[in-house]
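Keeping their order, the protein sequence lines are chains A and B. Residues in the first sequence are numbered from 112 upward in steps of one, following my numbering. Residues in the second sequence are numbered from 112 upward in steps of one, following my numbering.
Please keep in mind that the hints were generated in silico from the structure rather than gathered at the bench. As the structure is a computational prediction, the values presented were derived from the model and not from experiment. Even for Gly, the Cβ is constructed at its ideal location relative to N, Cα and C. You may find that some hints are simply not true.
Derived list of chain B stretches under chain A, where covered just means 3 residues or more per stretch with a C-beta under 8 Å from a C-beta of chain A [unchecked claim]:
(1) 149-157
(2) 309-320
(3) 345-359
(4) 380-394
(5) 410-423
Number of protein chains: 2
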Amino acid sequence: MAITVVGSVAYDTIETPAGKRERCLGGAATYFSLSASYFTDIRVIAVVGEDFGRRQQEVFQSHNIDTQGIEHTAGKSFFWEGSYLENLNEAKTHNTELNVFAAFDPKIPESYRDSKFLFLANIDPVLQRRVREQMPDVKLVAGDTMNYWIKDHRPALLEVLKGLDILLINDTEAKMLAGNNNLVQAARAVLALGPKTLVVKHGEYGATLFHGANSATELASEPEVQGTKIFRAPALPLEEVVDPTGAGDSFAGGFFGYLASQPQQTLEAFRRAMFYGSVMGSFACERFGTERLQQLTRKEIDDRFNLFRELTHLV
Amino acid sequence: MAITVVGSVAYDTIETPAGKRERCLGGAATYFSLSASYFTDIRVIAVVGEDFGRRQQEVFQSHNIDTQGIEHTAGKSFFWEGSYLENLNEAKTHNTELNVFAAFDPKIPESYRDSKFLFLANIDPVLQRRVREQMPDVKLVAGDTMNYWIKDHRPALLEVLKGLDILLINDTEAKMLAGNNNLVQAARAVLALGPKTLVVKHGEYGATLFHGANSATELASEPEVQGTKIFRAPALPLEEVVDPTGAGDSFAGGFFGYLASQPQQTLEAFRRAMFYGSVMGSFACERFGTERLQQLTRKEIDDRFNLFRELTHLV
């Protein structure tokens, strides 16, 4: 079933040990959409400037992504420049130009309103909440955030968390949000803030799923660790990480895209979704920007899913 | 089949956020032996001082660990003092007193010489090699090392690596040994130094097994990642890490103890050994020193093994 996603569509200039690329098509909504498009129909809400042309539009359209909700305005698109020269796990930001994104006021096309799945990518929590409130009939809402909103916009973020079924963040963000350096304790504290399920991404070490007591899934048989129901999915150790930009958004796209493609969001669907998230995150790192995500096949995705299973499963 | 282990038997004074303990029984050979004793017969080679008395002896004997090879000499046992107040993943050393360990010259009792498995715990590579050479008929040799030997005793360490079937080290050590920050590339470089199999421990994120081209196991069906045959095992996210001291040695004990208990060291035995390693590492962290390792049952171990499987396996 269709997912509506709200977030950034942007240009990124990226430098990594593998080289440098100027003004790649990027942004959280772009990575999420391309990744999720291999699983289900995607509808995007974003804002772009005059530098977003037919070629960029075609990247979305060639994946059957609905771009009616991408607003075109005067000015330049959101631009980010960063490098990973010393540490592939953490970007060093050199420049951020919000441009048209500074005045972003998400508008939801009428044709998007029957979406049963909503993804709130990493943007101002005030905007996340505004979109959430305009789509009261969605079945499942997932969202992302980052250290900036956690530190400096906490009250607005806490309002968003109350309305989330699933929060996807990384280790550092989870620990910062909870004010606790122990992963299990931090997860429990975050679940107490509202999300029914928490996915904590560990970069090259995979991701952990924590289901809260009020999770929508059938949890009777889920293994418990000290009272918390969890599942852990691996990541693929990559010989060469060309560009980690967007790996987290691609994980979210694979995870939520797969969930939305299933008739029911059962426990087993959540577990498989964790694997698909890891698969899409690993593909994203193999080339610069969204290059790899643009040209996958479902067979390549399922082959890697099976590889991940073999890599981690006992007979 | 019996494992002979050579390494330190020591006293540790440990401070963690959970509290402080003075002079716990510790040392790599102690953690390894206790952990491995749940799987097979263990024979220890070590040196202790006059402060090692009947009570300490009984800890070993109550687990049927052969202590004939523990030499008692005049002086005090190896002593280490450290804390984990800021970072549970990295000990801060406050004091190291080698004491009787400074003149350690491992002597192998005649009754140990039919051991088919040998574990060279983290000690001076010159001593590791000396023990290895005195036991030419072992079937499988595994070993550990640390940053100090990698940095300052590289030539001696390289000699040891040539004679190892399995090397067990952590991420930092693997990357330092290879001079490469990419895990897959580092693993390949380490395998080129001699070990047929490399186990890289990731602390709370589990561990990865890399089989080299000359691995002793039947590898035909092992999944490959860019030409390297790998397997990844999870770690249990713990709500409270009381004391991480010895977790790596306990992992090694569970891993190698399980392998030695099997009639053949097949691929599947290696994979299950990875899980048993993670299981024993997680138990070790639950109490100070070797407290938890002293009082386990095989049923508790197998229950946690099954929990780890459920935690990570798709249906």
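Claimed coverage, the region 380-394 of chain B by chain A - three or more beta carbons nearer than 8 Å | holds (count 3)
Apply the coverage criterion to the region 149-157 of chain B and chain A: a residue qualifies when its Cβ sits closer than 8 Å to a Cβ of the chain, and three qualifying residues are needed.
-> violated (count 0)
Per-stretch coverage check for the region 410-423 of chain B, three Cβ contacts closer than 8 Å to chain A = holds (count 5)
Closer than 8 Å, Cβ to Cβ, for at least three residues: run that test on the region 309-320 of chain B against chain A and report holds or violated.
-> holds (count 5)
Verdict on chain A covering the region 345-359 of chain B, where coverage means 3 or more residues with a C-beta closer than 8 Å | The restraint on the region 345-359 of chain B holds, since 7 of its residues have a Cβ under 8 Å from chain A and three suffice.
Checked against the numbered hints above, the structure breaks only hint 1 and satisfies the rest.
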